[in-house]
Amino acid sequence: MLDAVTLTVTVTALLLAAWCGLAAYRDEPTNDWHFIGMAVVTLAALVQLVVALVRLGHGDRPDHGVAVFVGYQIGAACTIPAAAFMSLAERSRWGSAIVAAGGVILAVLELRLHEIWGAGHG
Amino acid sequence: MAEDSTADGTEDTAMAQRQTPDAAAGTTAEPGGTRLGQGPGRLLLWFYGVFTVAALSRSIVQISTKFSDAPLAYLLSLAAGVVYAVITVALWRGGEQARKVALVSCSAELLGVIAVGVLTLADSSAFPDQTVWSDFGVGYVFLPLILPVMGLLWLRRAGRPESGTPEGAAPRP
Numbered sequence: 001m002l003d004a005v006t007l008t009v010t011v012t013a014l015l016l017a018a019w020c021g022l023a024a025y026r027d028e029p030t031n032d033w034h035f036i037g038m039a040v041v042t043l044a045a046l047v048q049l050v051v052a053l054v055r056l057g058h059g060d061r062p063d064h065g066v067a068v069f070v071g072y073q074i075g076a077a078c079t080i081p082a083a084a085f086m087s088l089a090e091r092s093r094w095g096s097a098i099v100a101a102g103g104v105i106l107a108v109l110e111l112r113l114h115e116i117w118g119a120g121h122g
Numbered sequence: 001m002a003e004d005s006t007a008d009g010t011e012d013t014a015m016a017q018r019q020t021p022d023a024a025a026g027t028t029a030e031p032g033g034t035r036l037g038q039g040p041g042r043l044l045l046w047f048y049g050v051f052t053v054a055a056l057s058r059s060i061v062q063i064s065t066k067f068s069d070a071p072l073a074y075l076l077s078l079a080a081g082v083v084y085a086v087i088t089v090a091l092w093r094g095g096e097q098a099r100k101v102a103l104v105s106c107s108a109e110l111l112g113v114i115a116v117g118v119l120t121l122a123d124s125s126a127f128p129d130q131t132v133w134s135d136f137g138v139g140y141v142f143l144p145l146i147l148p149v150m151g152l153l154w155l156r157r158a159g160r161p162e163s164g165t166p167e168g169a170a171p172r173p
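If you're matching them up, the sequences are chains A and B in order.
Take the first sequence: its letter number 74 is residue 74 in full-length UniProt numbering, and every next letter is one higher.
Take the second sequence: its letter number 58 is residue 58 in full-length UniProt numbering, and every next letter is one higher.
By construction, these hints were calculated from the structure, which means they are not laboratory data.
Heads up, some of the hints might be wrong.
Stated by the list, open to error - Away from chain A, derived, C-beta distances all over 10 Å, residues of chain B:
1. Phe47
2. Val50
3. Ser57
4. Val89
5. Leu145
6. Arg157
7. Gly159
As the list claims (entries may be wrong) - So the derived label-pair ranges between C-beta atoms look like this:
8. Ala4(A) x Val61(B): 40 to 46 Å
9. Asp32(A) x Phe67(B): 47 to 53 Å
10. Leu43(A) x Arg156(B): 21 to 27 Å
Said to hold, decoys possible - Residues of chain A clear of chain B, computed beta-carbon distances all greater than 12 Å:
11. Leu2
12. Leu7
13. Leu15
14. Leu22
15. Val51
16. Thr79
17. Val99
18. Leu109
All C-beta atoms, glycine included, are put in the ideal place defined by N, C-alpha and C.
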């Protein structure tokens, strides 16, 4: 379950990054549809946070420590909202670039989360 | 630092007054400051903000849980985090003073990345654990090396009164 959610967040984050990267390339600011996309990715990250907490509650333990794991989960859940607020403040192509960068950063965080949790128990 | 009224400060005001009336009107309070964290600067601000959180939280966890393993590496991560924090705040606040602070910090960051990169390649025993700046920041897709270069380029451009605005951003009245 956790692996599936992690994969979902990674893929949607990369799609969002490509989409907003295209907008930045075309010299466009983020529009309402982009923000819906950001909401979807954020929702996926929140689902992941809940699933992870439930797993921790059941006694499952990440390979590389609970504190680091939870820290990364919270960071992952906050990345896209933070990028969204910054792109609201920056109504230019650079606002789109910020969200694109945020998507890539989130994908990297997911990769690290996967390592921290450990491949042993999906 | 903000209340500083040294020779530097007076020089800045003099420079601001030498600008055209149009440019001066927009930047009277803080010459060149309004642009520092906007446009490309905001993208830099975003990256520096993320790196501040990443480096600081990483070093705090390392220092609080296993400091004796590699004190030098962990202290270096902490120092890197502090430098990132200073640059983030400087970009966010804007103004000529902040631009100078950011210039110094970006230069220190660049020197740090290069020095640590060379050290880790030459003598890996000095850093038994990874830091943000190990091997020129390869663990962070070389962003620790790219960011200060981009930062210095941007700070130089933002410091120029007229040509600092990005293409088409401010139609001149």
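Going down the list of hints, with the structure as the test:
no.: 1; hint: Phe47; verdict: violated, 7 Å
no.: 2; hint: Val50; verdict: violated, 6 Å
no.: 3; hint: Ser57; verdict: violated, 6 Å
no.: 4; hint: Val89; verdict: holds, 15 Å
no.: 5; hint: Leu145; verdict: holds, 17 Å
no.: 6; hint: Arg157; verdict: holds, 14 Å
no.: 7; hint: Gly159; verdict: holds, 18 Å
no.: 8; hint: Ala4(A) x Val61(B): 40 to 46 Å; verdict: violated, 28 Å
no.: 9; hint: Asp32(A) x Phe67(B): 47 to 53 Å; verdict: holds, 48 Å
no.: 10; hint: Leu43(A) x Arg156(B): 21 to 27 Å; verdict: violated, 41 Å
no.: 11; hint: Leu2; verdict: holds, 22 Å
no.: 12; hint: Leu7; verdict: holds, 21 Å
no.: 13; hint: Leu15; verdict: holds, 20 Å
no.: 14; hint: Leu22; verdict: holds, 16 Å
no.: 15; hint: Val51; verdict: holds, 22 Å
no.: 16; hint: Thr79; verdict: violated, 8 Å
no.: 17; hint: Val99; verdict: violated, 9 Å
no.: 18; hint: Leu109; verdict: violated, 9 Å
Hint compliance for this structure: hints 1, 2, 3, 8, 10, 16, 17 and 18 are not met, and every other hint is.
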